[in-house]
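Fit chains B and C to the given chain A structure using the hints.
Residue numbers (our numbering), protein chains in the order written: chain A, 32 to 239; chain B, 11 to 204; chain C, 9 to 260.
Just so you know, nobody snuck in bad clues.
One-sided and incomplete, this derived list gives chain A residues near chain C with beta-carbon spacing under 7 Å:
hint, residue
1, GLU178
2, LYS179
3, PHE181
4, GLU185
5, GLY186
6, ALA208
7, ARG211
Under the rule of at most 25 Å between Cα atoms (straight-line distance), these lysine-lysine pairs were calculated in the DSS-like manner:
hint, chain 1, residue 1, chain 2, residue 2
8, B, LYS190, B, LYS20
9, A, LYS145, A, LYS228
10, C, LYS89, C, LYS101
11, A, LYS145, A, LYS168
12, C, LYS176, A, LYS235
13, B, LYS190, B, LYS46
14, C, LYS258, A, LYS168
15, B, LYS39, B, LYS190
16, A, LYS168, C, LYS259
17, A, LYS231, A, LYS145
18, C, LYS176, A, LYS231
19, B, LYS39, B, LYS188
Far from chain A, some chain C residues (derived; all Cβ distances over 12 Å):
hint, residue
20, GLN19
21, GLN21
22, ASN23
23, GLY52
24, LYS87
25, TYR95
26, GLY137
27, TYR150
28, GLU153
29, GLY183
30, VAL252
31, LYS259
32, ASP260
Please keep in mind that the hints were generated in silico from the structure rather than gathered at the bench.
Bear in mind that the values here come from a model prediction, so they are computed numbers and not experimental data.
Just so you know, even glycine gets a beta-carbon here, dropped at the ideal spot from N, CA and C.
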Amino acid sequence: MSIMQYNGGSVIAMVGKDCVAIASDLRLGNQSLGISSNFEKIFAMTERTYVGLPGLATDVTTLHEQLRYRLNMYTIKEERTMEPETFIHLVSSTLYEKRWGPYFIEPVLAGMQKTPSGAFRPFVASTDLIGCINFAKDFVVAGTASEKLFGVAEGLWEPDLEPEDLFETISQTLLNAVDRDAYSGWGAVVHVITKDKVVKRTLKGRMD
Amino acid sequence: MDISFALTGKGYVLVAADTTAARSIIKMKSDEDKIKVLSPHLLMAFSGEPGDTVNFAEYVERNLRLYHIRHTYPLRPASAASWIRRSLAESLRSRSPYSVNLLLGGYDTATHTPELYWVDYLGTMTSVPFGAHGYGSYFALSLLDRYHDPEAGLEEGLAALRRCIDEVSKRLVVSPGKYKVKVVDKDGVREIEL
Amino acid sequence: MPDGSYERPQQRQFNPYSENGGTILAIAGADFSVIAGDTRQSEGYSIQTRYAPKVFRLTERAVLAVNGFAADGNMFVKKVKQRLEWYRHAHAKDMPLRAIARLIQTMLYAQRFFPYYVYNILGGIEEDGTGAVYSFDPVGSYEREACRAAGAAQSLVQPFLDNQIYFKNQTPAPGTNHPTHLPLPDVLSIVIDSFTSATERHIEVGDGLEIYVVLAKGRSTQELASIGGLQELSTRAEGDRMFVIRRDLKKD
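Here chain A stands alone, though its shape is the one from the complex (with noise of 0.2 Å):
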């Protein structure tokens, strides 16, 4: 068994029409055994800009202090805070640095990311666990449940949801995704993120 699986837990997020959902289980395990129902994997790094970190579970934790420690030096010398755009490649960059002793992680980022009009884009992208950055223009999975969320996401999503729709279709891909995965589940959150507020929502699933 990989050591990506060891824990479980999966990710999703998804652009909608000036918003961004991004969601996770909250499933913590040792292979087959549940340890907790209540381990989070999303992160408000900024107040728009979220990232989820599934895989080992040391490293999710170990990854967000690694990533929170940097994004503060960055908004103290530069007095300002980061966009997504510039997140994400701060989380590529962390990671390839550990190119030959990773941290297992899949990142997932949502995020919105100012123009220079001044006004807000909606932005999503992912990593694999060396940092190689995937900009979507729809969505981005990862964690145990992949291949499952891709094949739900992909029949459900459509373009310039509005953030309530964005929400159900983020829901039912996660939750009937995590349903038929035996390392992802026991509860699901989902953040909408808009231009000036973020809902989080923690969802009720099956506990099985």
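Positioned in the frame of chain A, the structure of chains B and C alone reads:
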């Protein structure tokens, strides 16, 4: 193989660990204390590779004591857990990693909440209402899914713990004989005879 | 060694199996059944052909979809058809669907220790006129279901079907219930969506799509009238009727 359980209740955390020290199939000792008192309101049950366990527990104990002396107040449970986790995570990718699994039970005197952290040798840490390590987890987790109540009083909590211990004694082939039980609450840490 | 002997014991191995990709899918309605499969056949990263049918008409009211190792699949279908022909000669009628399902089980289990490396999905109309889907594992374990996906993109399609066919994770509006069977046009759109999605994200799925539709006796064919690429396969208009819809899928 060491067995340890912990569970939270109304204003307290119960931590239990068996007291056997074994080498291969031989019991060397049957009154080993595997629950360290790290600070006035913090307990740590440790299990894993013999040698690593005590060494790591003492390393943690001395460092947290040092913090207490330097700052005149101890680390709160969440911060202590975070520091301990980081030590394990750094150790994991070092030349000689510690193989130590932990249950950290504490009482946060600032927020008046009991806190329990499940930590493994990889540096995986999660806050749980109840937790277990070793073969005991296969019995305790399902029992506590059914019987654990975060609002239960101490007597009820002890009854739930008793169920876990009894089940292990009944069903586990290599079940240990004795357990040490400690509790942490607003009054600090004390040992309980089951 | 120079004397012709070997320094170590030598080992040789022949692997009699291969995987040929593709995906199949079947959905049962109240009085119809839809059985579909893509037509790409591949081995590793190479496409062997863009048109290799995986879905076969067995009788007037039974269709078998076979996925996995194509050589085994073709041979298995051939043998099932042969057994059905013998049945026709002996009993002067087609074997009923549930009997075909049991036949497939025994045929698969007969090869328990050298299995046909195939996942079967049998669809059609039961004797009572209801639409049915039976799914099998390679050694004959089987079950009647309302829907099933198998093959390379099973993990992509099945959770989508759970959501769209079984309405999993969806709460019906107060005072209402989810339908147990969907109407034919809805089923056809879900099948097509499933395959276009699978084609988009799975390299082994694509090229062509064959959708077999079996309608129970006396059922209206109205809903199929507007569908392009439709061909009728049934020989008699008064019994159960069978149609096939052929569509293109992306070839990349």
